[in-house]
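Asker: Chains A and B are the protein sequences, given in the same order.
Residue numbers for the first sequence, in this note's numbering: 1 to 631.
Residue numbers for the second sequence, in this note's numbering: 1 to 486.
It is worth saying that the hints were derived from the structure and are not from the lab.
Every residue gets a Cβ at the ideal spot worked out from N, C-alpha and C, and that includes glycine.
Treat the hints loosely; a few may be bogus.
As the list claims (entries may be wrong) - For each label pair, taking beta carbons as the anchor points, the in silico distance ranges come out as:
#1 Ile63(A) <-> Val373(B): 30 to 40 Å
#2 Ile454(B) <-> Lys543(A): 58 to 68 Å
#3 Thr276(B) <-> Val573(A): 31 to 41 Å
#4 Pro406(B) <-> Gly206(A): 54 to 64 Å
#5 Leu4(A) <-> Lys479(B): 29 to 39 Å
#6 Asn99(B) <-> Lys204(A): 38 to 48 Å
#7 Thr479(A) <-> Lys479(B): 52 to 62 Å
#8 Ile458(B) <-> Leu4(A): 25 to 35 Å
#9 Glu100(B) <-> Val563(A): 38 to 48 Å
#10 Gly206(A) <-> Tyr47(B): 42 to 52 Å
What the hints assert, rightly or not - Taking lysine to any residue and the SDA-like style, the derived pairs with C-alpha atoms no more than 20 Å apart in a straight line are:
#11 Lys166(A) <-> Lys296(B)
#12 Lys450(B) <-> Phe22(A)
#13 Lys75(A) <-> Lys296(B)
#14 Lys160(A) <-> Met367(B)
#15 Lys429(B) <-> Thr162(A)
#16 Lys159(B) <-> Phe22(A)
#17 Lys296(B) <-> Val580(A)
#18 Lys24(A) <-> Leu445(B)
As the list claims (entries may be wrong) - Stretches of chain B that chain A covers, calculated by requiring three or more beta carbons in the stretch to come under 8 Å of a beta carbon on chain A:
#19 287 to 297
#20 377 to 386
#21 461 to 468
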Amino acid sequence: MIKLIPLVPLFPLIGFLINGFFGKKLSKGLSGSIASVSVLASFIVAVLAFIELNGNATKSHVIDVFSWINSGDLKIPFQFLYDNLSSLFLLIITGIGFLIHVYSTGYMHEDEGFSRFFTYLNLFVFFMLLLVLGNNYIITFVGWEGVGLCSYLLIGFWYKNTAYNKAANKAFIMNRIGDLGFLMGIILIFITFGSVSYTEIFDKAGTVPTSTLTTIALLLFVGAMGKSAQLPLYTWLPDAMAGPTPVSALIHAATMVTAGIFMVVRSNVFYASSEVASETVAVVGAITALFAATIGLLQNDIKKILAYSTVSQLGLMFLALGVGAYSSAVFHVTTHAFFKALLFLGAGSVIHAMGGEQDIRNMGGLKGKIKITFFTMFVATLAISGVPGLSGFFSKDEILAHVYEHNKVLWGVGMLTSILTAFYMFRMLFLTFFGKFRGTHDQEHHLHESPPSMTFPLIVLAILSVLGGFLGLPEFWGTPNWMHHQIGEVLQRKGHSISMLSHEVEWILMALAVVAAGASIYFTYMMFIKHKVLPVAKEEELKPWQKVIYNKFYVDEIYDALVRKPLDAVSGVLHKIVDVQIIDGLVNGVGSGVKGLGSVIRLAQQGNIGFYVISMIMGVVFIILATFLMK
Amino acid sequence: MLTLLLIAFPFLGALILFFSKTSAAKTIALGITLVEFIISLGLFFLYKHNPDNCQLSFEKDWVSNLGIRFDIGIDGIGLLLCLLTTFLLPLIVLSSFKNEYEKPFNFYGLMLVMQSALLGVFTANDGFLFYVFWELALIPIYFICLLWGGEDRGRITFKFFVYTLFGSLFMLVGLIYLYNHTNVNGLKSWNIIDLYNAGHALNATQQSAVFWLIFIAFAIKMPIFPFHTWQPNTYVNAPTQGTMLLSGIMLKMGTFGVIKWLLPVVPLGVEEWGGTAIILSVIGIIYASCIAIVQKDYKRLIAYSSIAHVGLISAGMLAMNQQGIQGAVMQMLAHGVSVIGLFLIADILLRHTGTRDIDKLGGIRSMNGNFAVLFLIIVMGAVALPLTNGFVGEFLLINGVYQFSPTLALFAGLTIILGAVYMLRSYQKIMLGERTDSNVAFGALAGSDKAVLIIVCIVIVTFGVYPKPLNDIAEEGVKQLLTYIK
Chain A
1 MIKLIPLVPL
11 FPLIGFLING
21 FFGKKLSKGL
31 SGSIASVSVL
41 ASFIVAVLAF
51 IELNGNATKS
61 HVIDVFSWIN
71 SGDLKIPFQF
81 LYDNLSSLFL
91 LIITGIGFLI
101 HVYSTGYMHE
111 DEGFSRFFTY
121 LNLFVFFMLL
131 LVLGNNYIIT
141 FVGWEGVGLC
151 SYLLIGFWYK
161 NTAYNKAANK
171 AFIMNRIGDL
181 GFLMGIILIF
191 ITFGSVSYTE
201 IFDKAGTVPT
211 STLTTIALLL
221 FVGAMGKSAQ
231 LPLYTWLPDA
241 MAGPTPVSAL
251 IHAATMVTAG
261 IFMVVRSNVF
271 YASSEVASET
281 VAVVGAITAL
291 FAATIGLLQN
301 DIKKILAYST
311 VSQLGLMFLA
321 LGVGAYSSAV
331 FHVTTHAFFK
341 ALLFLGAGSV
351 IHAMGGEQDI
361 RNMGGLKGKI
371 KITFFTMFVA
381 TLAISGVPGL
391 SGFFSKDEIL
401 AHVYEHNKVL
411 WGVGMLTSIL
421 TAFYMFRMLF
431 LTFFGKFRGT
441 HDQEHHLHES
451 PPSMTFPLIV
461 LAILSVLGGF
471 LGLPEFWGTP
481 NWMHHQIGEV
491 LQRKGHSISM
501 LSHEVEWILM
511 ALAVVAAGAS
521 IYFTYMMFIK
531 HKVLPVAKEE
541 ELKPWQKVIY
551 NKFYVDEIYD
561 ALVRKPLDAV
571 SGVLHKIVDV
581 QIIDGLVNGV
591 GSGVKGLGSV
601 IRLAQQGNIG
611 FYVISMIMGV
621 VFIILATFLM
631 K
Chain B
1 MLTLLLIAFP
11 FLGALILFFS
21 KTSAAKTIAL
31 GITLVEFIIS
41 LGLFFLYKHN
51 PDNCQLSFEK
61 DWVSNLGIRF
71 DIGIDGIGLL
81 LCLLTTFLLP
91 LIVLSSFKNE
101 YEKPFNFYGL
111 MLVMQSALLG
121 VFTANDGFLF
131 YVFWELALIP
141 IYFICLLWGG
151 EDRGRITFKF
161 FVYTLFGSLF
171 MLVGLIYLYN
181 HTNVNGLKSW
191 NIIDLYNAGH
201 ALNATQQSAV
211 FWLIFIAFAI
221 KMPIFPFHTW
231 QPNTYVNAPT
241 QGTMLLSGIM
251 LKMGTFGVIK
261 WLLPVVPLGV
271 EEWGGTAIIL
281 SVIGIIYASC
291 IAIVQKDYKR
301 LIAYSSIAHV
311 GLISAGMLAM
321 NQQGIQGAVM
331 QMLAHGVSVI
341 GLFLIADILL
351 RHTGTRDIDK
361 LGGIRSMNGN
371 FAVLFLIIVM
381 GAVALPLTNG
391 FVGEFLLING
401 VYQFSPTLAL
411 FAGLTIILGA
421 VYMLRSYQKI
431 MLGERTDSNV
441 AFGALAGSDK
451 AVLIIVCIVI
461 VTFGVYPKPL
471 NDIAEEGVKQ
481 LLTYIK
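All chains should be built: construct the whole structure from the sequences, respecting the hints.
Answerer: This is the structure we're talking about:
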């Protein structure tokens with residue numbers, strides 16, 4: 001089965017081609033089925049290959065597809081690497097991808113762009129699989145930019161809406177800022193190692209000066225900041241919520257945005273060798289985690305809350321990477337994929353029920369009307385808030401323990417983030433599902449549970465959100481940490497992420513986390529259930545500090561003033577003044593200076609043009625013929 | 001002989017058109033250019049990989065007392081550019097099927113003359129012959145722009161003509177200087193290898209002088225900053241097919257010229273002054289990209305984006321390493337294909353809506369989804385998305401510049417951000433959103449337009465996914481070239 005790994009990306013590619021070329025002629029049922037089945041087929045191959053890999057002594061397999069770009073020393077084969085890291089990501093992408101395809105057949109059913117939606121979605125899965133399967137940075141980069149394209153297409157899916165189109169442009173362009181850094185990093189890797197293939201460079205990292213490794217690691221991280229929405233390149237992700245909700249679940253929560261984490265784990269040897277780079281990753285991650293969680297406190301759009309939550313959780317994962325806890329980061333990627341995909345899909349189900357409403361101020365009391373949605377979202381909220389026993393608890397706890405060991409201040413930031421997370425998540429849950437319904441009469445009348453195609457994925461993801469923690473039970477419990485073992489295989493500096501803390505400290509940290517989460521939930525409960533606090537209807541009623549948070553610290557406005565407007569202004573000046581007047585003016589000046597030459601040529605222009613053409617050609621022919629004939 | 005046929009065939013076709021004065025010139029021209037494409041495919045299949053020297057050559061003494069020979073042949077890089085030329089010409093002809101030009105026999109005849117001259121430039125192995133073809137190529141395009149161009153064509157075309165001619169004269173001086181330093185058994189020679197040897201024998205100062213004499217001509221032709229001001233007006237005013245010839249193929253004369261007639265001739269001169277030229281090129285990338293961002297006329301926007309693209313090509317090849325030069329070759333091919341698609345789109349917009357002003361357009365996607373998809377694929381090729389043909393070249397180019405200077409590579413790399421800004425913004429304004437008044441009924445595309453766009457898209461994707469057939473030729477061509485430089 002491992003030899004058949006190229007089938008995994010191939011199936012969605014075929015699905016993409018079928019729907020892309022013939023989608024309009026197919027019925028919605030067939031179009032959706034082709035797309036879903038293609039991802040299901042990939043999932044099955046991925047599972048079988050995964051089983052084989054785990055029973056196999058060799059943990060790293062290189063699969064040649066074809067020879068791609070060669071340029072002197074630079075050889076870039078189209079080649080896949082199937083190992084513990086990529087195999088796990090394949091399962092997440094195809095597994096959750098399949099569920100979201102099924103969900104979308106219900107969610108998008110009334111949309112006129114139905115087959116177009118699945119075309120894009122299949123293409124996305126294809127590129128995402130390339131990203132994780134590549135055996136060199138360029139193939140990863142192909143997937144990396146490819147998912148960016150799909151993200152662009154899906155954010156702007158409803159293309160008649162100019163605001164959505166602008167959000168799509170913003171996502172693409174901001175990602176390209178990161179991609180430039182990534183590309184520079186790749187080139188530096190080539191220049192340093194003479195290769196870009198994973199299986200050829202990582203072993204040689206020890207022979208390279210640390211300063212070079214630091215530069216490489218930081219450049220790659222710039223790419224990760226774009227794709228995984230870290231400060232300062234995060235503002236595209238909240239705007240990306242313009243896309244249909246299943247897209248937010250698949251691309252902007254579970255898979256694409258974790259590509260940055262994947263890439264750092266893949267490149268772990270560079271980070272493990274560079275203190276500076278690791279510290280940077282940790283600090284950026286920590287700041288992002290706290291910053292985004294803060295913004296999430298006061299948002300009223302259900303998808304925006306989840307978007308900031310995603311940015312925040314991604315920050316937490318980078319914090320883990322920065323302290324060398326690679327397997328903990330991957331663990332959190334996995335559990336986060338479960339519960340965040342569930343939260344988005346649940347939000348989609350809510351929006352569906354509410355007839356397109358996304359403002360939680362107009363919701364309330366939905367728990368009795370859409371029971372499956374409520375129950376599954378409740379589970380996910382518990383999981384992300386770190387309630388003991390659920391998946392998020394284990395992965396977050398593992399990260400915080402490693403951070404504590406590394407740096408107490410960063411740990412504090414992580415703890416604070418967790419407390420805020422529990423707050424904004426329960427705020428969302430309470431305002432949406434509890435209390436009185438605050439929407440219109442029509443909406444109340446219309447309320448209904450979503451069809452089985454949508455509730456089935458919710459239930460599966462809810463089960464995974466509960467049980468996902470078993471992938472990485474704490475080692476100090478004496479239980480085997482499967483995830484740690486699995487990811488440990490792809491780490492060049494082994495043993496880096498084994499916790500050196502004593503069991504007592506680990507227990508205390510865990511207890512602290514539980515108490516903090518509990519207190520935060522209790523506080524939220526008192527606020528929104530007991531005292532029935534509601535978010536204010538108008539922005540003017542907010543206190544000044546709330547206004548700043550509500551307006552996302554005005555970051556978009558600041559970027560606009562610092563980058564977009566100056567760029568447009570400078571470009572206008574370059575065009576109208578520098579180009580037209582100065583440079584071209586100089587050229588024209590020289591031109592009039594040699595007017596003599598000009599007037600001579602101008603004379604020729606007044607003759608009979610047709611005659612001129614013929615005589616020119618005849619002249620040339622004559623010269624050529626004459627010289628040949630004279631030989 | 002096949003190489004000779006390659007050059008002579010369109011020329012003969014042009015003569016037929018000129019004398020027949022037929023009104024079916026379009027169709028005949030299409031037939032001729034298609035046959036010509038098949039001839040070039042013949043060259044492609046006869047071409048043997050990893051050659052020691054030029055293949056399929058044709059040599060005859062021409063002006064023997066001056067050492068001038070009619071000497072043409074195929075090397076890897078030349079072959080690729082011949083393929084590009086012969087592939088694009090039928091597309092350019094086809095793209096004109098919805099336009100009615102007066103005296104079509106002259107219009108298409110001139111295009112064919114142009115093709116002969118361009119192919120001559122790409123195959124000439126004699127310095128003088130190269131110069132003759134170089135100037136010969138200017139004449140037909142001058143008339144195409146002058147006779148069939150837009151409103152202000154007289155002034156603009158004149159400036160274009162004088163400007164490029166002005167540059168070429170410097171090149172002629174440079175070439176004659178080299179020629180005077182050749183010595184083959186006591187005789188002077190225009191042969192390219194002899195010119196290389198003559199150039200290498202010069203000291204650094206002399207090489208620097210020759211570098212600038214020749215480079216000016218190429219720099220104007222491409223054009224790179226700050227020699228570019230003739231270009232936007234000329235591109236915008238020329239008839240669409242003229243613009244395609246200029247941007248798709250003619251600017252490659254400049255880049256090709258640098259690769260074959262400058263880098264291996266005066267390597268010390270390049271070492272001395274290449275950095276300056278790279279800096280100018282990189283300034284041009286950012287400068288032209290910024291200006292493209294604020295353009296309203298889509299055709300002018302593409303014209304500026306072309307300056308940005310060629311700036312990167314220029315910077316990469318002047319870095320004088322395998323990746324940089326190979327990237328330049330690959331990017332010439334990619335740019336030629338996508339820019340033709342983009343200029344055709346500008347023409348389609350004008351024909352269907354009466355305007356190319358991106359602020360007045362909008363909502364076309366909802367009226368013609370297929371056009372939107374084809375347009376988007378070409379846009380993605382232009383912004384060098386991986387798995388489009390634009391990526392291979394762009395990656396190698398930035399890589400090449402990086403080896404020269406990481407800082408310059410970072411600035412050059414800004415093209416991947418700024419390119420996305422102007423391409424996506426304009427695509428959005430033209431195609432997306434709600435429909436506007438000016439394009440109430442953007443109907444189906446004409447068959448010929450559709451055919452061209454589809455072919456362009458197929459090439460963009462095919463050679464993005466599998467560039468090997470072209471890339472291998474480019475790789476060995478550049479390797480061979482580098483042996484002359486080192």
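Asker: Tell me if the beta carbons of Ile63(A) and Val373(B) are separated by a distance inside 30 to 40 Å.
Answerer: holds (32 Å)
Asker: Taken at face value, is the distance from the CA of Lys296(B) to the CA of Lys166(A) at most 20 Å?
Answerer: Given that 20 Å is the threshold and the Cα spacing comes to 18 Å, the pair holds.
Asker: Would you check the hint for Lys429(B) and Thr162(A), treating anything up to 20 Å between C-alpha atoms as holding?
Answerer: holds (9 Å)
Asker: Given the range 38 to 48 Å, decide if the beta-carbon distance of Glu100(B) to Val563(A) lies inside it.
Answerer: holds (46 Å)
Asker: For the pair Ile454(B) and Lys543(A), does the Cβ-Cβ distance stay inside 58 to 68 Å?
Answerer: Cβ of Ile454(B) to Cβ of Lys543(A): about 59 Å, so the range 58 to 68 Å holds.
Asker: Given a hinted range of 54 to 64 Å, is it respected by the beta-carbon distance of Pro406(B) and Gly206(A)?
Answerer: violated (23 Å)
Asker: Would you say the C-beta atoms of Ile458(B) and Leu4(A) sit inside 25 to 35 Å of each other?
Answerer: Between Ile458(B) and Leu4(A), where Cβ atoms are some 29 Å apart, the hint holds.
Asker: Holds or violated: the region 461 to 468 of chain B covered by chain A, criterion of 3 or more residues with Cβ-Cβ distance under 8 Å?
Answerer: The restraint on the region 461 to 468 of chain B holds, since 3 of its residues have a Cβ under 8 Å from chain A and three suffice.
Asker: State whether the coverage of the region 377 to 386 of chain B by chain A holds or is violated, taking the criterion as 3 or more residues with Cβ-Cβ distances under 8 Å.
Answerer: holds (count 3)
Asker: Hinted pair, alpha-carbon criterion (20 Å max): Lys296(B), Val580(A). Please report holds or violated.
Answerer: Holds. Lys296(B) to Val580(A) sits at ~15 Å (cutoff 20 Å).
Asker: Just to be sure I understand the hint, the distance between the Cβ atoms of Asn99(B) and Lys204(A) should be within 38 to 48 Å; is that true here?
Answerer: violated (59 Å)
Asker: Can you confirm whether the C-alpha distance between Lys450(B) and Phe22(A) stays at or below 20 Å?
Answerer: Status holds; Cα separation ~18 Å.
Figure legend: structure checked against the earlier numbered hints; hints not met, in rising order: 3, 4, 6, 13, 16.
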